[in-house]
Amino acid sequence: MNQNQKTSDSKDLDVIRSLIKKHKRNDFIFAGVGMLVIASLTITLLILFLDLVLDGYPRFTLDFFSNFPSRKALQAGILSAWIGSALVLLVTFVVAVPLGVAAGVYLEEYAKKNWISDLIEINVSNLAGVPSIIYGLLALGLFVYSFGLGQSILTAGLTLALLMLPIVIVATRESIRAIPVHIREAAFAVGATKWQVVLNHVLPYSYGGILTGVIIGMARAIGETAPVITIGALTFIAFLPPAPISTEIPFLNFDWLEAAFTVLPIQMFNWISRPQHAFHVNAAATGAVIILLTAAMNGFAIRLRYKIRKKIKW
Amino acid sequence: MPQSSISPRLARSLKRNVIERIIEVGLFSSAVVAVFITTAIVYVLVTEAIPFFQHVSIYDFLTDTVWTPNYSIKHYGISALVAGTITTTMVALVVAIPLGTLTAIYLSEFASHKVRETIKPILELLVGVPTVVFGYFALMLVTPFLQTIYPDLTTFNMLGPGIVMGIMIVPYIASVSEDAMRAVPMSMREGAYAMGATRFQTAIKVIAPAATSGIVASYILAISRAVGETMIVAIAAGQQPNFTFNPVESAATITAYIVSVALGDLEHGTVGYQSIFAAGLTLLVMTLVLNIIGHWVRKRYAERY
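Line by line, the protein sequences give chains A and B. Numbered by this note's numbering, the letters in the first sequence go through residues 2 to 315 in order. Numbered by this note's numbering, the letters in the second sequence go through residues 6 to 310 in order.
Keep in mind that the hints were calculated from the coordinates and are not lab data. Yeah, the Cβ is synthetic: ideal placement off N, Cα and C, and Gly gets one too. Misleading hints may appear alongside valid ones.
Here are the simulated lysine-lysine pairs, DSBU-like style, with alpha carbons at most 35 angstroms apart [what the hints assert, rightly or not]:
1) B/Lys-304 to B/Lys-79
2) A/Lys-23 to B/Lys-119
3) A/Lys-311 to B/Lys-125
4) B/Lys-304 to A/Lys-114
5) B/Lys-125 to B/Lys-210
6) A/Lys-25 to B/Lys-125
7) B/Lys-125 to A/Lys-22
8) A/Lys-22 to B/Lys-210
9) A/Lys-23 to A/Lys-12
10) A/Lys-23 to B/Lys-20
11) A/Lys-195 to B/Lys-304
12) B/Lys-20 to A/Lys-195
13) B/Lys-125 to B/Lys-304
14) B/Lys-125 to A/Lys-308
Footprint (simulated), chain A over chain B, 3 or more residues, beta carbon under 8 angstroms [as the list claims (entries may be wrong)]:
15) 23–37
16) 143–157
17) 260–269
Isolated chain B, as found in the complex (with noise of 0.2 angstroms):
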């Protein structure tokens, strides 16, 4: 009797052991797949670049100035793009950053809880908005208001999807900014006030500092997302590549020279095909170096209270 009925039992829970054991197997690959992914970005761009780089030197990469892969002297210089991309990132930044702290600072010191619970979800919108349409909102608005000011402006520049791409990154330093703020402990506010400075005194000269690795961290994010944004510039900055750090005149960034070149019919196996993947390398290279700098902020800098 006790064997008969122990033993049903044993294999029931053996079953359920094994079950447990398949789907947690079958999770674990689940999430093995993002490390897959990024294994796969790195293998393919490094393998298609390899043959990149034995048709054109590394020095003529770094060092040539002109971007020419469709004339019949063709130059290979990848500062030409990547001149593009400061250019369009600078100009991003100068209307990122400002905008970006100051609404940081006023919604997490001066807003009150319902101006806050209406103003971050205006954000969140603004940052779920497509950049194609950004693009068009650069290449048909931006520009030609741009152009009322200053006639010489051509149709395609770099101020105009500069500015756009500006305001699409203010949300994210302002988010980012805003929890660090937000992290720093009450007490700290309440030993400013207690001591008499205003709210402006004490965001300025008690907040901010205490929050500086985040609000730090939110600006690297932000050239991050501005080094690799790529419709706006590829609709209004031209896909014309030009080694300039001028934002009036047109050039094309990395990314802009990737769509252009995807657009085109360029056969599997090209130098010009190549081409891309060197880009996107280097465009990848630019951005982990700035993910890992972040990354390296927010923990040396971190403040522990």
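Excised from the complex, chain A in its bound form (with noise of 0.2 angstroms):
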């Protein structure tokens, strides 16, 4: 009797540990497949970047960022593109950055909570959540042919201006609640009022958090395809739109904003569309371009969110 007992009560231990190593193995197991799904994203990363580098490689001279496009693949370059780019950029950055940063102040610093307010942020999170393909249908039908902008590089700008303005908004909002409100009582208290208060303590206290959702945005918008096509964006283009200075009085010149333009995403799309693999190698070279760009941009944006995060102890 006394002998069974203890059998059992073996058994039962045994029934026991083999639970808890089945467990535990589960567990390693577990881990296993998510360190290994993990790298596989990692290396699926590496590998687009490599690839891209590998099959531009041919095409990284200087005559490849000198030479407009042209039908002879190896004559081709992404001057026109690159220029379109960096002014559309320019136009996006003036117009967003402004509005984005003055939204967000008002919604978190200003505005009382009201329906207005309420109505506000859910169209700032709803825009969030517009496919970029939309606010290029908007263009089309508001900029281009309502306001007879044009397929210019203003549309293109204030287009992307559209899309980035959720993100600059976000960000500036985040980075404003983070500081807290004594700040903001120690300022009134000394007599400043609620611009000054802005301007002078929440504004330069948040600036690194704004920064890293303005970089982010501009990268954003530096890869963003698909609404510039639809507004009509043309994808050949030999010339250059107009020089931004000039040696006359006033020496600023807006020509260039009528301008007829292409940007490096449409470039490398419309190499990637043509059957021969020679403008293959060119769309390649053209995407290199934009992913370091893209991710220099990324990498320098989460660098500097990360040295905030660590610096501000309030």
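Dock chain to chain to rebuild the complex, using the hints, since each chain is given by itself in its own frame.
Okay, here's the thing in structure tokens:
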């Protein structure tokens, strides 16, 4: 009887031990699977990057950056595309950043809790979820035909600014929200007005976070293709827009805003769509340029945010 | 003496107040731009789609399964395009949901602080890759690779771009789900560990159920990204509308159709031009419904601790 009790006890123990073993094994297996998944994602990113660089390698010459697109693949370059991208981004930056920061400041610092603020907030979060091609259709109907801006750099810049706006607003709000109330109270206590508090305290302290959002938004704008195609950007541009700086008074020239243009991702799309392999090499080289630019910008933004998070202790 | 010393001060404070008001109005109008954009989107799509629906009946638009705006016998059956959108989205989800969920569970419950801080930036870089580059990847790398396994696959198909789209949306699922899981209070984990649960058991039986609303919301966000994705499918899935749910065939999605029309020269005011607005309206309604469901799920099933 006693003997029996003992064996059944040890049997139970064995069962429990094997159960624990099984569950620990499951734990181990899952950790392995998780690491495998993450490793494969990282490797995918690497393959993507290496593939572009290796495919496009033969075209990494100075000529590639200083030539216009051409019917002959080996003479074709991305001069008009990168200048177009730079000018479009300039417009986007000038429009989206002040507007986005102002909207973010209003929503965090000024807005009273009422239906208007709710409406604005719902709209901002909804806009972030609207597919980019819809912005292209908006721009086609509104900027190109209703406002008569045509298929110009100004239209493309405004379109991408609309796309970037929610990103800037959200980044501004998040970094403003991280500033403790007592900073504002201290400023109010010495007689500062609301705007003085915002300008001299809130904005300087949230500057890094806003900059992070702006850089991420700009990186997205560089690669954005669909809305720019939708407004009818041309794919073959063998001339440059008028220079923004002139030698005559007033030294600035805004004719370039109305010029036809192409941008880097459209140039790449155009070359992918051609059947000849030589153009695919050009596309890969352009892709490598785009991905280097966006990765550098995103990497910088991520580092910046990391630094801010580590440095600031209120 | 008092009168003369107070009035400039009053004047200054009045000026100050006026400036403050002007600034506030300026900031307010910037914020209202968001409302203006939404209104403009709906306005433009609806006003351009109305003449289209005077030409094509809504019944035909919804029930016809052929979309041939460029042929002599014109058909405008949106379901031909919606089928392409649904098929590519499904392929993407089959890839992204398991990978994204696993990544989220691993990062939230298994990874050490250091691993998490290294992996999350990599995921963010993946989000930052422009979609036109992903399209190149689908056409030049993934489809040829799939052709070695399945030789009958055509150059343009929905499988390759669908898979690439799946890889693209993994980070969205992973980061939103991970945030939801990390928001589950530590005490619940500690309770499970105290009962002798392993990490895996805790993750599956305690954390995942508690974070369901966030996880489901991340899936819906991913679907809405996939539905609106344009360049990958425009490059690698072909731009020929085709009513099929078979991923190895080529077909156009709603977005790819809009791109293919925009690339050609379509006169302002023609039915073909208006058709892209009708297609865009359909797309907007689809993503709007998804966003509303996502919002509702998060509100309705959000756990409060």
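We went through each hint and held it up to the structure:
1. B/Lys-304 to B/Lys-79: violated, 45 angstroms
2. A/Lys-23 to B/Lys-119: Holds, because 28 angstroms separates the two Cα atoms, which is no more than 35 angstroms.
3. A/Lys-311 to B/Lys-125: holds, 16 angstroms
4. B/Lys-304 to A/Lys-114: holds, 19 angstroms
5. B/Lys-125 to B/Lys-210: holds, 25 angstroms
6. A/Lys-25 to B/Lys-125: holds, 27 angstroms
7. B/Lys-125 to A/Lys-22: At roughly 32 angstroms apart (the allowed maximum being 35 angstroms), A/Lys-22 and B/Lys-125 satisfy the hint.
8. A/Lys-22 to B/Lys-210: Answer holds: A/Lys-22 to B/Lys-210 is near 19 angstroms, not above 35 angstroms.
9. A/Lys-23 to A/Lys-12: holds, 16 angstroms
10. A/Lys-23 to B/Lys-20: violated, 76 angstroms
11. A/Lys-195 to B/Lys-304: Holds, at roughly 34 angstroms.
12. B/Lys-20 to A/Lys-195: Roughly 14 angstroms between the alpha carbons, so the hint for B/Lys-20 and A/Lys-195 holds.
13. B/Lys-125 to B/Lys-304: holds, 26 angstroms
14. B/Lys-125 to A/Lys-308: holds, 15 angstroms
15. 23–37: It holds: at least three residues are needed, and the stretch 23–37 of chain B offers 10 whose Cβ sits within less than 8 angstroms of chain A.
16. 143–157: Since 3 is at least three, the answer is holds.
17. 260–269: holds (count 5)
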